Amino acid sequence: MFLEQYDVIVVGGGHAGCEAAAAAANMGSKTMLITMNLLTLAQMSCNPAMGGIGKGQIVREIDALGGYSGIVSDKSMIQFRMLNKSKGPAMWSPRCQSDRMLFAATWREMLEQTPNLHFFQDSVTGLIVSRGTVEGVVTAMGQKIYAKAVVLTNGTFLNGIIHVGEKQFGGGRMGEKGATGITEQLVSLGFESDRLKTGTPPRIDGRSLDYSKMEIQEGDLDEVAGFSYMPGTLPDFKNASFIDNARVKNRISGKQRHCWITYTSPEVHDILRTGFDRSPMFQGRIQGSGPRYCPSIEDKINRFADKDRHQLFVEPEGWNTVEIYVNGFSTSLPEEVQVKAIRKVPGFENAIFFRPGYAIEYDYFPPTQLQYTLETKLIKNLFFAGQINGTTGYEEAAGQGLVAGINAHNNVHGHPSFVLKRDEAYIGVLIDDLINKGTDEPYRMFTSRAEYRTLLRQDNADMRLTERSYEMGLAARERYELLQEKKKHIARIDEILNITMVEPEEVNEFLEKIGSAPLKERQKLSKLLLRPNIALKNLLPYLLPSVQQNLEAFDPLEMEQSEIHCKYKAYMDKEVEMVGKMKAMEELIIPESFNYEKLTALSIEARQKLNKIRPRTLGQASRISGVNPSDIQILMIFMGR
Amino acid sequence: MNLSSDTIAAIATAPGIGAIGIIRLSGPDAVSIANRIFKGKDLTLQPTHTLHFGHILNPEDPSELIDEVVVSLYLGTKSYTGEHTVEISGHGSPFILQNILNACIRAGARLAAPGEFTQRAFLNGKLDLAQAEAVADLIAADSKAAQQTALKQLRGGFSNDLKSLRDQLIQFAALIELELDFSDEDVEFADRTRFRALITEIKNASQQLIDSFRLGNVIKKGVSVAIIGKPNAGKSTLLNALLNEDRAIVSDIAGTTRDTIEETLNINGILFRLIDTAGIRTETTDIIEQIGVGKSLEKMREADVVIYLFDVETTTAAELRQQIDLFEQEQFKFILVANKCDISGISRAQERFTAISHPILYIAAKEKQAMDSIRQALFDTAVEGNIETENTIVTNARHHAALLNVVNSLTEVEQGMELGLSGELLSIDIRRSLQFLGEITGQVEVDRDILGTIFGKFCIGK
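These protein sequence lines map, in sequence, to chains X and H.
Under the working numbering, think of the first position of the first sequence as 827, with each following residue one higher.
Under the working numbering, think of the first position of the second sequence as 263, with each following residue one higher.
I should point out that these hints are in silico values taken from the structure, not numbers from a laboratory.
A portion of the hints provided could be inaccurate.
Within a straight-line C-alpha distance of at most 27 angstroms, the following computed DSSO-like cross-link-like pairs (lysine-lysine) qualify [as the list claims (entries may be wrong)]: (1) H:LYS388 with X:LYS1424; (2) X:LYS1263 with H:LYS425; (3) X:LYS1395 with X:LYS1407; (4) H:LYS465 with X:LYS1400; (5) X:LYS1395 with X:LYS1313; (6) X:LYS1312 with X:LYS1393; (7) X:LYS1393 with X:LYS911; (8) X:LYS1263 with X:LYS1313; (9) H:LYS340 with X:LYS911; (10) H:LYS465 with X:LYS913; (11) X:LYS913 with X:LYS1363; (12) X:LYS1393 with X:LYS1313; (13) X:LYS1263 with X:LYS1247; (14) X:LYS1438 with X:LYS913; (15) X:LYS1206 with X:LYS913; (16) X:LYS1424 with X:LYS1400; (17) X:LYS1407 with H:LYS719; (18) X:LYS856 with X:LYS993; (19) X:LYS1312 with X:LYS1263; (20) H:LYS465 with X:LYS1133; (21) X:LYS1409 with X:LYS1353; (22) H:LYS303 with X:LYS1263; (23) X:LYS1206 with X:LYS1133; (24) X:LYS1409 with X:LYS1313; (25) X:LYS993 with X:LYS970; (26) X:LYS911 with X:LYS1409; (27) X:LYS1247 with X:LYS1395; (28) X:LYS1081 with X:LYS911; (29) H:LYS388 with X:LYS1407; (30) X:LYS1263 with X:LYS1438; (31) X:LYS1353 with X:LYS1363; (32) X:LYS1339 with X:LYS1313; (33) X:LYS1206 with X:LYS856; (34) H:LYS425 with X:LYS1409; (35) H:LYS388 with X:LYS1409; (36) H:LYS719 with X:LYS913.
Using C-beta positions, here's what the derived DEER-type ranges look like [said to hold, decoys possible]: (37) X:LEU829 with H:GLY714: 52 to 60 angstroms; (38) H:SER325 with X:ASN1364: 48 to 56 angstroms; (39) X:LYS1407 with H:LYS630: 57 to 65 angstroms; (40) X:GLU1335 with H:GLU326: 15 to 23 angstroms.
On a predicted model such as this, the values are computed, not experimentally measured, just so you know.
Ideal placement from N, C-alpha and C gives every residue a C-beta, glycine not left out.
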């Protein structure tokens, strides 16, 4: 059936798979996306939301690199919030509620419009490997499809087992069968595999809920920044026509859909406890470890017994559906316990289930078996991305998929590898952490994992990444040109801030109002902006009309960018200095054949870890846990020049 | 870990020996740092390979002259390390050298890691691989020695203090990160007053550690020596004989308040601390008879060197053999001293112990005969016998420098709070202070600990 050989085959059509396929195809690789069900492309298996703290930055980066997640999120959002707006700009994090079905449909639409991309619906059961190089895949129907590179993005499907109370059955998602054969083959090829666990809450019929007993959580009313740097991707919230739907009981604010907040109670906890003797987690039927930051409700009441309530976010699943996602109520307790317990939650007294929550256990491959490109160390041209690397989250998966897709293309065409460093992107932090430290719980991004947090902001992902992507042949010309324009504007604003002198009589009234010390003599505008409580947009009306006019000619986002530079330069400089110090180490390449066993001066643990991970640079070696500073010094000496 | 982006300093001469000692500075700012503490010509204007006479000043109190010195300049690549190098030759006392080194550090240098000069020399193409291998072994050995030192300090409160300091900082960082990464969670965030109180507390704790570490203390710590022996072996006589002659030097060097019952002894610039001398003076504790009882053994284990004193007239070779076996089994560094050799004469005494292969010093403490041999043996054991005298000081000075950096970073956090800075900016300095602390404890990874603390203490997650 398949006569042609592909450049890149992507196995799996989730967030990682879709980004990988789009990237490879857009760069010019003849690409094939194989998935068990083409109707569930880019399915949001868990909560209907994209972004969040640390994750929103990743989506922005994907967009800046020319991936699709940002655009799809924008087009399918039903609510948008910029989180952490009260903190500094490094913490601002975009997050949206998505229309689950629209999200998947938009992805499919965009992929169908992507050149060089073929689709096939089947389950991959094995890889064709010859002399340490992958050459294609074999499907359940017995098709052999050949390619120069294969990207595996199997998510939770590899030997997936779903648990609800005492019931357990194989599956990759509720109602979808799992995938077998691949883990076994990879293990026979020498890969290590292990088990992880994750869970999801019940889905409820929104018509059965009493929202008057809950608090409303609204989206941002004044400004929706969105995820994509491209114009025209956001829904027209003000004139949205598809939301006048009485069935879904929209309480529309600024034409976005909103969420609700409610709480569990001691009574709810007591009912949940009655199911503990049938809990697959507490009874040890689940072996894999779950994420500590996303515990099930039973885990929360077990570990934090003194807390008499837990917050629940009631999230709509889309514009036109009554389905509700109960964020915070992830559980694998028996379904009747779930129903009984949730009906004690205010607003849920008559709740009707679409489906119960469940836990799922699946295979993953400890990511220390990967290179920075996400190519495996063992098999050439075989790449892993997403949950099979031990991560969790759509954003983390998509970011990896993008990097794997790019590098699969680069490998096949003999182009240099694409590696993002820790000071360049959250995606860089993610991959560096994974391949050097591994993970024993599903890995999620937090901003605190990034040591160069003030550099990796959501507002500057395009400045950080778009040029590189354009030069590599991924980001489109239009995107590149928009960035050049933006940079020009920012330089002009910088200049205005630096040459404008502010007279005391212009601004003292304003300063007094906000409790800031008045000016005694004229001062540069850029200097005045250093005061932490002064925002340019509040100060603007007090400045000379000519200055106002000059600045107002620019996009508010460009002004914001310039203001951030001005205000936080000292802190960014601190981090830039740290980057500089590490840079020397990052540039010291360790020869691939380096023999650590011979170096008895190294500690035994360091020798083992270094031997296993085989870092490419001294900087990388220094981040491997178990390798201490004196080991690095010893290595330095042996590497010479 | 920097590759020559900063300037390092260390004492370059062997510990405690010689009339002259050298402090070496290497790195881009070597000359300007030296110039900052040098009273004499402007060093930054001098050509390479020149010598300059002058004085080293205390950078914190420029009226205080630390030492009269000669400074040698090696600019550019024509130096041992292949980068700007300054050598300050001062007087050989470890106390003075340590003070000069301290001045360099306060003026902007960083204390060199073990073998770092050689490492830089290698990286700058000044050494071949064989030489480099020797350095690698040296670093490995040094880090073992540092571990040993750490073990010893484990018995004191130091490591506990560091641990609690780190815990507090992690807790603090966790509270800060909590409101950054989990601002939309249903948890209670600490208020700014609490933060300020916490940071002051942590800063005070670090400052206390620094104060407890003052250099005088470090020098005073020296090499610990236990004199043990049966009653009437002559321990107190030996002690007095050792001390009497050195009393003047002792008070001259130490210059610090003395601990209760410690006696100190200076031999060629190295300080020896005689432990449990009170017991010897009153002859009430009979250490040797209690060997095997935990406490006495513990005491000997605390000592860097054990002097085993025995009466040559009443001790048999078999008894001595037994003692040696015990010492060797416990891996003590020990010196065997036969006392009262004046009674039957040294040659008779030597004959009695021909079967013992371990060297024995034959003395007569009462007559102060052959006391120099003990002093020489102590010195040799300390310098060549692998006891890290100077290194203990350096290690501690490194701790001291790291702790100073901790306090500096914490001061920045405090100032940031006054300014009302957002948490992610405060966090930069908190993490820096954790990094500095990690230079002592070796715990360099912090984000997992911070996240672990958050997940352990707060119910996070939807």
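Consistency of the hints with the structure:
no., hint, in the structure
1, H:LYS388 with X:LYS1424, "holds, 24 angstroms"
2, X:LYS1263 with H:LYS425, "holds, 23 angstroms"
3, X:LYS1395 with X:LYS1407, "holds, 18 angstroms"
4, H:LYS465 with X:LYS1400, "holds, 22 angstroms"
5, X:LYS1395 with X:LYS1313, "holds, 17 angstroms"
6, X:LYS1312 with X:LYS1393, "holds, 19 angstroms"
7, X:LYS1393 with X:LYS911, "holds, 16 angstroms"
8, X:LYS1263 with X:LYS1313, "violated, 37 angstroms"
9, H:LYS340 with X:LYS911, "violated, 55 angstroms"
10, H:LYS465 with X:LYS913, "holds, 25 angstroms"
11, X:LYS913 with X:LYS1363, "holds, 17 angstroms"
12, X:LYS1393 with X:LYS1313, "holds, 18 angstroms"
13, X:LYS1263 with X:LYS1247, "holds, 15 angstroms"
14, X:LYS1438 with X:LYS913, "violated, 41 angstroms"
15, X:LYS1206 with X:LYS913, "violated, 45 angstroms"
16, X:LYS1424 with X:LYS1400, "violated, 39 angstroms"
17, X:LYS1407 with H:LYS719, "violated, 34 angstroms"
18, X:LYS856 with X:LYS993, "violated, 43 angstroms"
19, X:LYS1312 with X:LYS1263, "violated, 38 angstroms"
20, H:LYS465 with X:LYS1133, "violated, 33 angstroms"
21, X:LYS1409 with X:LYS1353, "violated, 31 angstroms"
22, H:LYS303 with X:LYS1263, "violated, 52 angstroms"
23, X:LYS1206 with X:LYS1133, "violated, 51 angstroms"
24, X:LYS1409 with X:LYS1313, "holds, 26 angstroms"
25, X:LYS993 with X:LYS970, "violated, 36 angstroms"
26, X:LYS911 with X:LYS1409, "violated, 32 angstroms"
27, X:LYS1247 with X:LYS1395, "holds, 21 angstroms"
28, X:LYS1081 with X:LYS911, "holds, 21 angstroms"
29, H:LYS388 with X:LYS1407, "holds, 23 angstroms"
30, X:LYS1263 with X:LYS1438, "holds, 11 angstroms"
31, X:LYS1353 with X:LYS1363, "holds, 15 angstroms"
32, X:LYS1339 with X:LYS1313, "violated, 34 angstroms"
33, X:LYS1206 with X:LYS856, "holds, 19 angstroms"
34, H:LYS425 with X:LYS1409, "violated, 30 angstroms"
35, H:LYS388 with X:LYS1409, "holds, 23 angstroms"
36, H:LYS719 with X:LYS913, "holds, 23 angstroms"
37, X:LEU829 with H:GLY714: 52 to 60 angstroms, "holds, 54 angstroms"
38, H:SER325 with X:ASN1364: 48 to 56 angstroms, "holds, 51 angstroms"
39, X:LYS1407 with H:LYS630: 57 to 65 angstroms, "holds, 58 angstroms"
40, X:GLU1335 with H:GLU326: 15 to 23 angstroms, "violated, 53 angstroms"
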